[in-house]
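Trainee: Here is how the chains run, residue by residue.
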Amino acid sequence: MIECKNLNKIYQTGDVQTIALNDVSFSVEKGEFVAIIGPSGSGKSTLMHILGALDAPTSGSYFLDGKEVSKLEDDELSELRREKIGFVFQAFNLLPRTTVLRNVMLPLLYSDTTDEERVERAKTCLAYAGMEESKFYNLSNQLSGGQMQRVAIARSLINNPAIILADEPTGNLDTKTSNVVMKAFQELNQKGHTIILITHEQEIAAFAGRVISIRDGVIESDIKK
Amino acid sequence: MIADILKETFWSLSANKVRSGLTILGIVIGIASVITMVSIGQGAQKTIESSIQAIGSNLIIITPGAQKSGSVSGGQGSSQTLTVGDADMIVAEVPNVKGIAPEVSKRYQLNAKGNNTNTQVVGTVPDYLGVRNIAIDSGTFVTSQHVKSSAKVVVLGPTVRDDIFGVGADPIGQTIRIKNVDFEVIGVALAKGGTGFSNPDNSVYVPLTSAQHFLSGDTFVTSISVAANDQNSMTAVQQQISEFLLKSHNITDPAQADFTLMNQTDIIATASSITGTFTMLLSSIAGISLLVGGIGIMNMMLTTVTERTREIGLRKAVGIKKIYINMQFLAEAVALTFLGGFVGVALGWGASLLVSKFVPQLTTVVSLSSVLLAFGVSAAVGIIFGFYPARRAANLSPMEALRYE
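Chains A and B, in that order, are what the protein sequence lines are.
For any residue, its number in the numbering used here is found by taking its place in the first sequence, counting from 1, and adding 398.
For any residue, its number in the numbering used here is found by taking its place in the second sequence, counting from 1, and adding 26.
Isolated chain B, as found in the complex:
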C-alpha cells in the first residue's frame, strides 16, 4: 500500500514535470524571498544597534557631587568622595554590570621630541576599553600588571599621536613627558569620534595607580564609568548603584548625595525608537513576502484543480478507494512543498550571503525563526491548497468529478 502510494506520487510528479516544476518554483521563490528580505532587515537592525552600542548607550557615569563649604558650592565634580573602593564594591554588589572603570582625569601639558600639547590624561584600568568602547590600533592598552606596578606607560589617542609624532607615525617605544615624568608609549587607540562626553581621540591613557602616584597625588577618582549588560537593565542598574552608594557613604537623604549619576538617556530613547521602527519594518516585510509567496503557491495548486479533479474522478471510477486517493494527493503536496522548501531555504541563505559579500554596508543575518516561519507558512499553504481541493474532489461522485469543468 505505502509503496504504491509513494510510487504513484513519484510517477505523478515526474509525469507532470512542468506542473511540478512551476509549483516548486512558486514555493522556492516564496521561501527564498522571505528569508532574504528578513535577513537584510535583521542585518540592518544589527548594524544600527551596534553603532548605537559603539557610542555606549548602556554607559552610566558616576561623578562626585558638589563640594560644599557653608553655602558656597564648588560646582559639580569638585568634591573628592569617590574611590577605587566604591568601584570594587559596585562590581560586587550590583547585578547586570558588564564592566566598571574608575578613572582619574585631568588636563596636563605633554611634550616629546620638542612638540607639546595640552590634553586630557586619563588614569584608568584595563576594563576602560570595554566600558567606553575603545579599540586599540597598534600596541596594547594598559594591563592590570601595569596598574598593579604603577608602570610609567601611556596609550595615545590618535589625535595626540598625530599632534606629537606626526600623522600615521609609529610612536611605540618612544617617551612622552607628562608633568615632568617620563612615560613610555605602549599603544595607540583607534579613532572613534565624539561620544557626547569628551573626545577620546584627543586623550592619553595611563594606569590608574600611575596617575594617582605621579600626577594627582591622592587616592580619589574623578569618575567611575559603569557599563550595564544591556539597555534594558540600565534603569535598574542606575537605581541600584544610587541606593548602594548612598548606603555606603552613610547618606539618608538622596538630595544630599555626594555623587551624581549620568547616562545618555536621549541616545537610549532614540535607539529604542529606531529599534522599534525596525521591528515593525521587519514584520511588515516578512508579512508581505509571506503573503505574496503564499498566494503564488496557492495559485499553482489551484490552477491544477480542474485537471486533477478529472483524474480523481477516473481513479474513483476504476474503483480506487477515497482514502488512497486522499493519501496520494497529500503525499504529492507534502513532497512538493518540502522539495521546494529545502531549495528555497538554501537559495534564500545563499542570496543573503551574496548580499553580504557584494554590499559591504549590509551585513545580513539569517535567523532560524525566519527560516522556520517561511518554511512553516509555505508548507502549510502548499499542503492545504494541494490537499484540500483533492479531498473535495474525492468526495464527489465519480461522475461529477469526471465531468468537472
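In isolation and in its complexed conformation, chain A is listed as follows:
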C-alpha cells in the first residue's frame, strides 16, 4: 500500500542546511493503524507531509498504491490527494462560518457528482464519524472541539480514501475528547481503513496497532503489537 525507500528531506535556509529526514525506509500494509511518534523537530511532520503528497522529498521514492508520488506535478498531486488521501489536521481546518455539511462536501467540489449525491455521501460520512444529525446544518464555528474533529474526520472519509492521515488530531483537545476521537479512529480502522497518525504523546500512540518512533530524521524503532 505505502512504500518509502531512502527518503531524504533537506531544508536549505541561507547557508544553513537542516536535515529533516535521513534515509527513511518503511512500508505500510492495507488495514494497518500506524502511529508515528517523536518529539518536535524529529521530522515526523515532514514525513507526514510527504506521505500526504503535500510536500516532495529531496531524494528517495514514495509509492502509494504502486504509484510513484514524488514524480507527480502539482495538479496530479491534487488529484491524488482527492482520490486516495483523507486528512485530519490538528487545527481541524474547517471553513469558518460555513455549515457542517458544506465543510464535509468540500473535497467533492468540481467533481462529477450531483448535488443530491454529495449531500447523501456527506450525511453518510458524518453519521459514520459519529456526528449527531441535528448539527448537520450548524455553522462550523458553533461546534465544540470534539465535534469539529468529527466533522474533519467525516470530510477525510468523503472520497473513500486509501489512507487517512491524521496530524496530531488530538493536539487541540482535552483528554476526554481525545479518547473519544481516538476511539473513532480505532472504529474506522476496524472497518478496514488504513490510518497513519502523528503524535508526540505515548498514550495516543497506544491506540494504534503499530508504533514507529522517529528522532532526528531517523527511524528509532518500529514495533507491531
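Simulated from the structure, these hints should not be mistaken for laboratory data.
Treat each hint with caution, since some may be false.
[Unchecked claim] SDA-like cross-link-like pairs, simulated, lysine to any residue; straight-line CA separation at most 20 angstroms:
#: 1; chain 1: B; residue 1: 347; chain 2: A; residue 2: 509
#: 2; chain 1: B; residue 1: 132; chain 2: B; residue 2: 206
#: 3; chain 1: A; residue 1: 521; chain 2: A; residue 2: 539
#: 4; chain 1: B; residue 1: 347; chain 2: A; residue 2: 477
#: 5; chain 1: B; residue 1: 347; chain 2: A; residue 2: 558
#: 6; chain 1: B; residue 1: 33; chain 2: A; residue 2: 516
#: 7; chain 1: B; residue 1: 347; chain 2: A; residue 2: 478
All values derive from a computational prediction rather than experimental measurement.
Here the structure of chain A is known, so what remains is to put chain B in place on it, guided by the hints.
Mentor: Frame of chain A; chain B shown alone:
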C-alpha cells in the same frame, strides 16, 4: 464546474458578510467620491465657461475704417463702407460662423408719455439676440418679418423701460417716438450688464430696415457683429473675414483696409487660462480621489490575505486543483468589484444630483468619462488585489499555505 464556481463564490461571499460588505463599501466610497468630486468640478467649469460665453468671448465686431479726405482722417468708424450685403456674403463664404448681425446704431432722443431720454438706437436683425447674448424678458424681439416690412416696432432695454415707463412697468403695446416717428413697443430685454463694448441695457432695438428708412436714411451699416462657433475657431474666422472683405472691397494692401476687426482678446485669454486651471484642478481631484479609493480597496483585499491563504491551503490539501481555486477567487473579486461598482456609480450620481439640488450655485455634471474612469480603476485595483494574492497562495504548496501567518 461553472455552476460549482458560481455557487462556491456566492457561498463564500455570503458566509463572510462583514468582509464582503466592507470590501464593497471600500469600492462604493472610492467610486462614488470620484464621480461626485469630478461632477462638481465639471459643473463649476461649465458654469464659469457659460458666464464667459455670456459676455460673448467669441464675438468679432467689424466696423468701417477711418474716412480719409486727403491727409485728414475722420476717425475710426466714420466712413460708410459696410453694407448688409457684406454680412450676407460673410455668412455664405466663411465657415464656423454661428451668427451674424449687421446693425445701424446711433443715439437719438426718445420720448413717450411726457418722459424723454437720449439713448442708443440699434437697428438690427433677429440674429442679434444670439450673437450678442441678449435674452428677452417679456414680449418678443425683432423678427425677420419685421425686418422685411420695415415695421415700426421697438424692443426696449430694461434701463430705458425704467426711465420712460417706470421701474418694472409693462410697456408692451405702448408707443415711443424716435426722431418724430412712432414705434410700438413689442418687447423688453432682460438685464445683462456691461459687455465691454456698450451697455445693452440702456439701448433700444428696432428692425434694421426701419432704422435705415426712418432714422439714418441710407443703406450702410455702422457695424457687423459676428459670432464664431467657439473660442478655438476665433482666430481662423477673424482671418478669413479679413481676407474676404479685402477681396470683395478690392483692396490689395491690408494697411489700406476700409474696415476694422475687433474682438475681446483679453477676455479670451483669461477664459482659456481659467479653463486650463480648471482642467488641472479636475485632473488632480480625480487623481487623488482615485488614489484614495484605490488604496481603500487594496487595503480591504489585502487584509483578508492571511485568512484566505489558509483557506486556499485547505482547499489544495483536500485535492482541489489550482485552476478551480484561481477561478473561484477571480470570480469573487469580480463579483465584489462589480457589485460595489454599480452601487458606487448610483451613489455618486445621486450625490451629484443632491448637490445640484441643494446648492443652486453649483450645477453638477456627471460625465460618462468620469464614471468609466472611476469604475475602471476601481475594478482593476479590486480584481488585481483580490486575485493576485489568491493566485500566489494557490501556487504555494498546501502545507506552506496552511501554515501562513
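Trainee: Could you work out which earlier hints the structure fails to respect and list their numbers in ascending sequence?
Mentor: Per hint list: zero violations.
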